[in-house]
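For reference, the chains in residue letters:
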Amino acid sequence: MKHTFKSKNELETLTLGEKLATLLKVGDVILLTGDLGAGKTTITKGIARGLNIEEKVNSPTFNIMKIYLKGTTPLFHIDAYRLEDNQDDIGLDEFIGGEGITVIEWPLYIKHLLPNNALEINIKHISLEVREITFFGQEHYENVIKKIAEDFK
Amino acid sequence: MISLLLDSSSNRLSIALAKGQKVIASYDEKAFQTQSELLVAKINELLLETNIKPQAINNIVVAYGPGSFTGVRIAVNVAKIWAYALKINLYKVSSLYVYKNDLKPTICVLDARNNRSFAGIYSQNEVILEDKILTNDDVMHYVNEQGYALGGETKHLGISAVSYDRFANMLQAIKEENKVDDIAAFKPVYLKG
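Just so you know, the protein sequences line up as chains X and Y, in that order.
If you want the working numbering, it's the position in the first sequence, counting the first as 1, plus 830.
If you want the working numbering, it's the position in the second sequence, counting the first as 1, plus 18.
Simulated from the structure, these hints should not be mistaken for laboratory data.
Among the hints, erroneous ones may be present.
Derived lysine-lysine pairs resembling DSS-like cross-links, with alpha carbons at most 25 Å apart [claimed, not checked]:
| no. | chain 1 | residue 1 | chain 2 | residue 2 |
| --- | --- | --- | --- | --- |
| 1 | X | LYS896 | Y | LYS193 |
| 2 | Y | LYS205 | Y | LYS48 |
| 3 | X | LYS900 | X | LYS838 |
| 4 | X | LYS849 | X | LYS886 |
| 5 | X | LYS838 | X | LYS941 |
| 6 | X | LYS954 | X | LYS976 |
| 7 | X | LYS838 | X | LYS849 |
| 8 | Y | LYS205 | Y | LYS40 |
| 9 | X | LYS855 | X | LYS941 |
| 10 | X | LYS855 | X | LYS900 |
| 11 | X | LYS886 | X | LYS896 |
| 12 | X | LYS900 | Y | LYS205 |
| 13 | X | LYS896 | Y | LYS48 |
| 14 | X | LYS849 | X | LYS896 |
| 15 | X | LYS855 | Y | LYS173 |
| 16 | X | LYS941 | Y | LYS205 |
| 17 | Y | LYS40 | X | LYS900 |
| 18 | X | LYS900 | X | LYS832 |
| 19 | X | LYS832 | X | LYS849 |
| 20 | Y | LYS48 | X | LYS855 |
| 21 | Y | LYS193 | Y | LYS173 |
Residues on chain X that point at chain Y, a partial pick, calculated with CB under 10 Å [stated by the list, open to error]:
| no. | residue |
| --- | --- |
| 22 | MET831 |
| 23 | GLU848 |
| 24 | GLY857 |
| 25 | GLY901 |
| 26 | LEU913 |
| 27 | ILE920 |
| 28 | GLY921 |
| 29 | GLU924 |
| 30 | GLY928 |
| 31 | GLU929 |
| 32 | PRO937 |
| 33 | VAL960 |
Idealized CB from N, CA, C, for every residue including glycine.
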């Protein structure tokens, strides 16, 4: 299933992430795609807010992964950008699909570690403020997409 | 003879102080993502509780993998530093061996993800199968067709494990063949990657 939302500004993207978080469960994996500056980290901030995480959320481009344990559910935020061409096993498979919700930016660089079923979110840059946000998902994620679609008509 | 036993190779943190063959204080809890924060603090708590000074410890026994990528490194690092600083004996033990049951030969496992397990088969006194990665189907074959008991963390296999005494098993590992000669060069075992 596929559904596209139009976000008028950063605040709407945050709210979308916040709503999404309330529909997710432990073990869920979200793949974020889109150009630099599209808003991948912004939607992750929304997800963190929806999970009642109060710590500052920023892009883990250099850390590769940041873990937030103090919310309703643990959140694992992975940015695989720096893992391109790197096949070393650094133990990420213990987190992806594990005991928390995993959000992965630049998932194409760790294809071998991704589960068969995940929620993919593509963010497309339309203008300075406006974004087109497309959700792709099957099984449990279809229900997630349907519920968000009802809330963001 | 005082021994300090350390294992952080799964999602638990297990620490004990033993006098001879008897455990006199221990900590053994699930410690998801908090093992590194807790390990040294908990060792200190156990030392205070038993009124034992670090200098009185004679041996350290550490589970050195296989298991969690980060987990296998945490206890090993602390064990190396303490053994080096206190100039005492360091003994290594398989993190699967700690789950053996002395009454029946046991295939001991930890989840290696992607339908695989870290697995080793142990009886009371011998290694029947060296630690390796097996598919979960192969593990179940050893259990169902060859009659081995199943031990370890078995949630991913959906069946319960036989009982075990982690610290008693770790104390059994205090023997010459498990002694680490070169502490600086000692590394954990991960098996993957």
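Each hint, compared with the structure:
no., hint, verdict
1, LYS896(X) - LYS193(Y), "violated, 41 Å"
2, LYS205(Y) - LYS48(Y), "holds, 24 Å"
3, LYS900(X) - LYS838(X), "violated, 31 Å"
4, LYS849(X) - LYS886(X), "holds, 19 Å"
5, LYS838(X) - LYS941(X), "violated, 31 Å"
6, LYS954(X) - LYS976(X), "holds, 20 Å"
7, LYS838(X) - LYS849(X), "holds, 16 Å"
8, LYS205(Y) - LYS40(Y), "violated, 28 Å"
9, LYS855(X) - LYS941(X), "holds, 22 Å"
10, LYS855(X) - LYS900(X), "holds, 16 Å"
11, LYS886(X) - LYS896(X), "holds, 11 Å"
12, LYS900(X) - LYS205(Y), "violated, 32 Å"
13, LYS896(X) - LYS48(Y), "holds, 21 Å"
14, LYS849(X) - LYS896(X), "holds, 21 Å"
15, LYS855(X) - LYS173(Y), "holds, 19 Å"
16, LYS941(X) - LYS205(Y), "violated, 29 Å"
17, LYS40(Y) - LYS900(X), "violated, 38 Å"
18, LYS900(X) - LYS832(X), "violated, 32 Å"
19, LYS832(X) - LYS849(X), "holds, 17 Å"
20, LYS48(Y) - LYS855(X), "holds, 21 Å"
21, LYS193(Y) - LYS173(Y), "violated, 32 Å"
22, MET831, "violated, 26 Å"
23, GLU848, "violated, 24 Å"
24, GLY857, "violated, 12 Å"
25, GLY901, "violated, 13 Å"
26, LEU913, "violated, 13 Å"
27, ILE920, "holds, 7 Å"
28, GLY921, "holds, 3 Å"
29, GLU924, "holds, 6 Å"
30, GLY928, "holds, 8 Å"
31, GLU929, "holds, 6 Å"
32, PRO937, "violated, 17 Å"
33, VAL960, "violated, 38 Å"
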